[in-house]
Structures are given as structure tokens and as C-alpha cells.
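Can you build the whole structure from these sequences, using the hints too?
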Amino acid sequence: MNNKSFRNLAKPYVYWLYILALVPVFVMVILSVLKSEGIAFDEMSFSLESFTLLTERSTLVAFRNSFLYAFVATVISVVLGYFVAYRIFKSKFNNKFLILTMLILPMWSNLLLRTEALGNIMEHNNILTDLLSRIGITASIGIKGTPLAVIIGLVFTYLPFAILPIYTALEKISYSLEEAALDLGLPEMKKFWKVIFPLSIKGVVSASILVFLPTLSGFAIPQILGKGNIVLIGNVIEESFRNMNYNFGSLLAIIILFFILGSILIISKTDKEGETLL
Amino acid sequence: MTNNYPKATLEEYGYKDRKHLKKVFHVLGNALVVFTVIMMYISIFTLAVQSVNSSTDITRFESFTLKWYFNMFSNRMLRGAIINTFIVSITATLIATILGTFIAIGINAFEKKKRQSLMLLNNIPVLNADIITGISLMLIFSLVLPVFPYFFGPFTMILAHLFFTLPYVVLSVLPKLKEIDKFLMDAALDLGVRPYRALLKVVIPAIKAGIFSGMLLAFTMSLDDFVISYYTTGNGFNNLSIWVYGSIGRRSLTPSVYAYSTALTVVTLGLLLGNHFFQKRRAKHHG
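One line per chain: the protein sequences are A and H, in this order. The numbering of the first sequence is our numbering, which starts it at 203 and goes up by one. The numbering of the second sequence is our numbering, which starts it at 70 and goes up by one.
Certain hints may be false.
Said to hold, decoys possible - Straight-line Cα separation of at most 16 angstroms, EDC-like style, residue types lysine to aspartate or glutamate; simulated pairs:
1) A:206 <-> H:180
2) H:88 <-> A:390
3) A:392 <-> A:381
4) H:92 <-> A:390
Derived from the structure by calculation, the hints contain no laboratory data. Since this is a predicted model, take the numbers as computed values, not measurements.
Okay, structure coming up:
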């Protein structure tokens, strides 16, 4: 497999990535220290106005919210995702591909439609409570617009991103290691904590990052489920680009990018070839 | 009379009978999986209920109807959005699958150090925030605008989808390439096959599973994308996500879109389960 001429197959991809992933970062860095109308460079001037906007209370609140929500959603998703991945891994059902595909199937329906539907059943009066009331059950929760609603939305949406990498990592653990642990007399619980969990840590790291990053920067879910009460950093970025304030938007994007680069470095430390990312 | 001594039991050696505890854990675990799957499908279920509701009111169920299923394609805007979504996703997925497979083979041929730095670069589109990817691509495409004023549209959207689906294909093909026998290629070459022909005839069939799962992932990601499409589309070219976003803003979401979504889920689920049982039956016959 080490035919060196095959390397040529990957070379154009490197340029493609440089142009589409790295050049925009430079454009954004330049935009963040300018004052311009959109991306029209003819009437631009040097300005640090974006940096002063950064210290505004609303921006700081958005940053704090983003980290808090992303952290809580990540912890819940990874813990829940681990349980589910472990159960699937241990189950005797032979077509595990079927279960895994069923878990990503909801993603085939549009994210916004799903979120909107979830938002509807979070209102006091909704179609499910209406149906339930006909058979004599009155139950309703009116949590739309609250932090809880946003957290629930984030967890439901990003759970597959937590389950899949953990499952991949678990599947790579050789059964002979488990047998060895049992031969040495480790009870079930100890076997899990001493053998299986440490070997699956790569998957846990990937899962955390795959949930943390999109929740940190998403804007559709907080907008729909938070009813505008909860502003995350993604909402601020989206708003600045919508209002043609590309300068402030770029600055915020670069700040988010720092966290993403940090995560990429963490991933490359625990998992050098990015194999458990999916 | 040595055999009068009582036999030592396992408990005396410190063995604790945790069979009951194990059973409790087992049941709890399964309940949790079922709970999670229900939670993930609850919004899908709500959409399904709304799709057979004769009223457009999302708070009340009036009576059962299938009219939204028939209206699905008579709403011109919705039909256009659905068709655009499939055109973009299928085109991007097919190109990404083919290119991604060859790129993965290329990356695999590099030595370790170089391969790792390439994978670092490959992970950027996967890990990057959607909104940043969207804005980045918009900025890059905007730079072309002075030359091609009508650049934004289906072409830019497909390019954008290609950008974020390619890494998924690479990520699922690469591990499979490492799993296959190192000497498989050498054997083919020894038999006198040319390298690229060996690639097509020997290597690609061996990594079929990885290519397929990469394709599935790429399609899933592309079909569900909103943010990146939102920033890279041109005037008048809507995919389903953009159309839904606009309709939610105008509070004019037609139940036909629920019908479409439900139909898509039911058909895919049907195909999946059908395939499962078909394979099971075939296995039994051959068994």
C-alpha cells in the first residue's frame, strides 16, 4: 500500500483546504481591525471599534451563556451517550449497524423542523397534550423560552454525535483484554473502570468536542427554543453579519476559532490520526 | 476423618454475589437506551402527528387526513426546495465519496508525520463551527464576485457542501485502509497488475464498507445542513432548510413539509428494517 505515486492523489486536497479553510481566517483577521461596509474594501479604514464592542455587557453575557450551555449540554450528552453506546456494544443483537443507523436517522429530517416541533411540544397547549387530553390524560409542560428548553434541544440534537465516536472507540477494544481482566478475577465494575473505560477515553474526548463545538456556536436552536430570551455567541455573530457589521462578526468568529484550534490540538494529542472522530 | 471439614464456599474467599445488582443494571441500561431513542424520535413523532392533522393549527388535532401528503408537490415553493436539497446533497455526496476515497488513499501513502499533519488539516472542516465555515466560504466566494457577479447559487452551495462532507469520507475510509493486509497491493503488483488498476480492482473492493459509511455520513450531513447553505446560497436558490427558516420567520409553515419529513423517515426506516429482515432470511436459508 506504500506506493509513493499515490501521494499525488492527496496533494490537490491540501491546496483546496488551504484556500477554503485558511485563507478566510486571514480575511477575517484583516476585517476585524477595519471599519468597512460589508466586504467592500474601497471605503474601509483602520478601526478598533469591534474590540470596544467586545467589552459590552451583552457580548460578555452571550459568551458566558455559550460556555455554560455548551458545557452542560456536553456533560449530559456524553454521560447519556456513553450509557447508550455501552449498551449497544454489549447487546447480543447482531445487527448493530441497524441500531446505529436508527440513531442517526432523525438527522435526515430537517434540523429546523425538528427543533420547531420540539418547541411546539414545549408549549402548554400542543398537539400531543390535545391528543392525550382526549384519552383523559392532562399533562403539559410550558418550558419554551427557558434555559431548560435550550439544553433539552441541544442534547436531543447532538446526542448522536456523542454516541457514535464512543461506540467506535468501544468496538476497537479487543475482547481478549476483557477476558484477561476476568481471568485475573476483576469483578464486573472494576473491569469496566480499570480496563474498558481508559481504553475508550479517546472516544469520550472526540464525543465531548463534537458536542461542545457546535453547541458553542449554534444559533438556530437557542433562537427557536429560547424565544429570543437566550442569546448565545452564535446569535451575536449571525446578527452582526446580517446587519452588515462584518468587522465585529469576524472578530467574534476568530475568538471562537481559537477554541476550535485548541480542541483540534487536544484531539491530535489523544488520537493522532483522528480515527475515533466518527 | 478428614472429610468432615465443611467445604469452603466462594463467599468465604470474598466473593460477593452481585447477580441481582447486575440484573438491575441490565434493566436500567436497557430502559435508558429505550428512553434515549424515544427522546430522539419525539420531535419526529410530533411531526408525524401534525402531518395527518386536517387543521393547520399546531395546537389542536382536528381529524385524520392524508391531504398534506397529496399537497406535498403542489406547493411550488416547497417542491422546489425539496428538489434543490436533493440535487445539492446527491451531487455533493457522490463527488465527495469518489474524491474522498482517492484522497484517503493518497493520505495513507504518506509517511506517519506528514499523514498526521494532513489529518489535522482534514479535521478543520469537521470541527469548525458551522457558522464560521459558512462565513468563511461566503467571504472566499465574495472575493470572486467582482469577476463573476452571479457566482452565488447552486454552484457555490454544492462547493460548500463538498467542502464539509469530504473530510467525513476521508475519516471513514482511512481506518479501513489501515485494516487491510499490507501485502494485498504487493500481491496484485507481483501478479503484474499496474498500480492504479490494482487500486480499482483490489483495494477499493476491500474498503467498500468504509466508503459506504462515509457516503452515508456525507449524505446525512449534507441533507441536514442549514447554516452553511444559508451563507453560501444566492438569491432565489433555496434548499429545504433555508425555506423552512424563512417560513418559520413568516409563521407560514405548511403541514405539507411535515408530510415530506414523515414520508422520508418512514421510507428510510422501512428500507433499513426491510434490508435487515431480508438479510436475516437469506442467512437462514444458507445457514
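Outcome of the hint check:
1. A:206 <-> H:180: holds, 10 angstroms
2. H:88 <-> A:390: holds, 10 angstroms
3. A:392 <-> A:381: holds, 13 angstroms
4. H:92 <-> A:390: It holds: about 12 angstroms lies between the C-alpha atoms, which stays within 16 angstroms.
This entry satisfies every hint, going by the numbered hints stated previously.
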